[in-house]
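> Each chain, written out:
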Amino acid sequence: MKKLKSYILFAILIITMVSCVNKKTDLLNTKWVHNFEECKDYFEFKDNLEYNYYSCESDELSYGTYFLVNDTINIEQLAGEFDMNFEANSRHRTPKERYKLLIDEGFIRYLEKWEFKNEKWQKSDFIFDENYTFKKEH
Amino acid sequence: MYLESNKEGPTASIDGNTIPADVDKYGTLAEGVYPAEYSIYKGDGALLINKGGDLPTVKGNPNNKDNYNSDGSLKPVGEHVIDEVFFHKGNYARESLSTSKGSPISAGCQTGGCGQGSLPKFRKFIKKTEGFKGNYYLRPKPNKKTSTKQ
Numbered sequence: 001m002k003k004l005k006s007y008i009l010f011a012i013l014i015i016t017m018v019s020c021v022n023k024k025t026d027l028l029n030t031k032w033v034h035n036f037e038e039c040k041d042y043f044e045f046k047d048n049l050e051y052n053y054y055s056c057e058s059d060e061l062s063y064g065t066y067f068l069v070n071d072t073i074n075i076e077q078l079a080g081e082f083d084m085n086f087e088a089n090s091r092h093r094t095p096k097e098r099y100k101l102l103i104d105e106g107f108i109r110y111l112e113k114w115e116f117k118n119e120k121w122q123k124s125d126f127i128f129d130e131n132y133t134f135k136k137e138h
Numbered sequence: 001m002y003l004e005s006n007k008e009g010p011t012a013s014i015d016g017n018t019i020p021a022d023v024d025k026y027g028t029l030a031e032g033v034y035p036a037e038y039s040i041y042k043g044d045g046a047l048l049i050n051k052g053g054d055l056p057t058v059k060g061n062p063n064n065k066d067n068y069n070s071d072g073s074l075k076p077v078g079e080h081v082i083d084e085v086f087f088h089k090g091n092y093a094r095e096s097l098s099t100s101k102g103s104p105i106s107a108g109c110q111t112g113g114c115g116q117g118s119l120p121k122f123r124k125f126i127k128k129t130e131g132f133k134g135n136y137y138l139r140p141k142p143n144k145k146t147s148t149k150q
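In order, the protein sequence lines correspond to chains A and B. Residues 1 to 138 in our numbering are what the first sequence spells out, letter by letter. Residues 1 to 150 in our numbering are what the second sequence spells out, letter by letter.
Hints were generated in silico from the structure; no laboratory data involved. There's no promise every hint is true.
[What the hints assert, rightly or not] Just the calculated beta-carbon pair ranges, DEER-fashion: (1) B:K59 - A:N131: 31 to 39 Å; (2) B:P35 - A:R93: 23 to 31 Å; (3) A:F67 - B:K141: 24 to 32 Å; (4) A:E115 - B:G117: 30 to 38 Å.
[Unchecked claim] Each computed DSS-like pair below joins lysine-lysine, with the alpha-carbon atoms no more than 25 Å apart: (5) B:K25 - A:K100; (6) B:K59 - A:K117; (7) A:K135 - A:K46; (8) A:K100 - A:K46; (9) B:K121 - A:K113; (10) B:K42 - A:K31; (11) B:K42 - A:K96; (12) B:K42 - A:K40; (13) B:K25 - A:K117; (14) B:K7 - B:K25; (15) B:K133 - B:K121; (16) A:K120 - B:K75; (17) A:K117 - B:K141; (18) B:K25 - A:K123; (19) B:K121 - A:K117; (20) A:K40 - A:K117; (21) B:K133 - B:K42; (22) A:K120 - A:K100; (23) B:K75 - A:K117; (24) B:K59 - B:K141.
Glycine is no exception: its CB is placed at the ideal position from the N, C-alpha and C atoms.
Sequences and hints are given; from them, build the entire structure.
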């Protein structure tokens, strides 16, 4: 009986690991798109744990790093394509922010936003529109 | 936009926004006439107001470290400034001054219109301001004409 329990636990562990690996593999070198009527926002997840995010609302590309925990993508926004045009402390530079996103039934959607203020990470009270989801393009 | 060379009327016109995404978090430029010149903002033409220097606000601006005392308290609202103010493009995809992930399209800047078709309209307008050096007049909404009965 004890042996059977161990086998079951081991099997669950293997299934969980395989599932996580598959999700990670699913994300590597993929592009996820949200369609607006005239333009598209997108995420590109690269194999070196870096991502690109394009906001067609602001017509701007931002970059950062990401890691995956089960179904949750944790991203840290680090810079933007136009940052070099502004002074180091300019409010027009891309702010350091963290986001949690969920991979859910073939879509990615935002869960949480964190802002770096006064040298501390603070959870934002911003509420994401539930329709702001990204579908895998390739 | 009025050019001295054009005596017929405005050379170009566009609808836009004069308030930021959140009037409590960011400063709103006070009404007035300010120097402005053509510039570039995030890949598109824009107008830079007062060469990016300090400008007065309507009701303060907690988003500028110059508006705080050394003890961390806010200075009186009348002393608050806003800087790096552009007239730049708005939100191309939605009629909102924030993006869908909560980033401000305007954190104190003046913007062109937002929503569908706004970016081509803005680009058409701003093209006509290339080389512009003049004044940006932010005026109050004109009062509706009232008829006086005698």
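> Compare the structure with each hint and give your call.
Verification of the supplied hints:
1. Remark: the range hint 31 to 39 Å for B:K59 to A:N131 is upheld by a beta-carbon distance near 33 Å.
2. Between B:P35 and A:R93 the C-beta distance comes to about 24 Å, which sits within the given range of 23 to 31 Å.
3. In this structure the hint that A:F67 and B:K141 lie 24 to 32 Å apart at CB is violated, the actual value being about 50 Å.
4. Under the hint 30 to 38 Å, the C-beta atoms of A:E115 and B:G117, about 32 Å apart, fit the expected range.
5. Between B:K25 and A:K100 the alpha-carbon distance is near 23 Å, which keeps this suggested pair within the 25 Å criterion.
6. The hinted pair formed by B:K59 and A:K117 meets the criterion: a straight-line CA distance of about 22 Å does not exceed 25 Å.
7. For the given pair, A:K135 sits about 16 Å from A:K46 by alpha-carbon distance, which is consistent with the 25 Å threshold.
8. Restraint check for A:K100 and A:K46: the C-alpha separation of about 17 Å stays at or below 25 Å, so the hint holds.
9. Distance restraint check for B:K121 and A:K113: the Cα-Cα separation of roughly 32 Å exceeds the 25 Å cut-off, and the hinted pair is therefore not satisfied.
10. The suggested pairing of B:K42 with A:K31 holds, with an alpha-carbon distance near 23 Å, which does not exceed 25 Å.
11. Our distance criterion of 25 Å between C-alpha atoms is met by B:K42 and A:K96, whose separation comes to about 18 Å.
12. Distance hint between B:K42 and A:K40 is fulfilled; the C-alpha atoms sit about 18 Å from each other, no more than 25 Å.
13. Simply put, B:K25 and A:K117 have alpha-carbon atoms about 13 Å apart, close enough for the 25 Å limit, and the pair holds.
14. Straight-line distance between C-alpha atoms of B:K7 and B:K25 comes to about 41 Å, which puts the hinted pair past the 25 Å bound.
15. Simply put, B:K133 and B:K121 have alpha-carbon atoms about 21 Å apart, close enough for the 25 Å limit, and the pair holds.
16. Taken as a hint, the A:K120 and B:K75 pair is honoured in the structure, with Cα atoms around 23 Å apart against an allowance of 25 Å.
17. A C-alpha spacing of about 36 Å is found between A:K117 and B:K141, which places the hinted pair above 25 Å, so the restraint is violated.
18. A threshold of 25 Å between alpha carbons decides the hint, and for B:K25 with A:K123 the separation of about 16 Å falls inside it, so the pair holds.
19. Of the pairs offered as hints, the one joining B:K121 and A:K117 is violated, with about 36 Å between alpha carbons and a cut-off of 25 Å exceeded.
20. For the hint pairing A:K40 with A:K117, the CA-to-CA distance comes to about 30 Å; that exceeds 25 Å, so the pair is violated.
21. For the suggested pair B:K133 and B:K42, the alpha carbons sit about 20 Å apart, so the restraint of at most 25 Å is met.
22. A C-alpha spacing of about 17 Å is found between A:K120 and A:K100, which places the hinted pair at or below 25 Å, so the restraint holds.
23. For the hint linking B:K75 to A:K117, the alpha-carbon distance of about 19 Å falls within 25 Å, and the restraint holds.
24. At most 25 Å may separate the alpha-carbon atoms for a hinted pair to count; B:K59 and B:K141 meet this at roughly 18 Å.
Hints 3, 9, 14, 17, 19, 20 from the list above are not met by this structure, while the remaining hints are.
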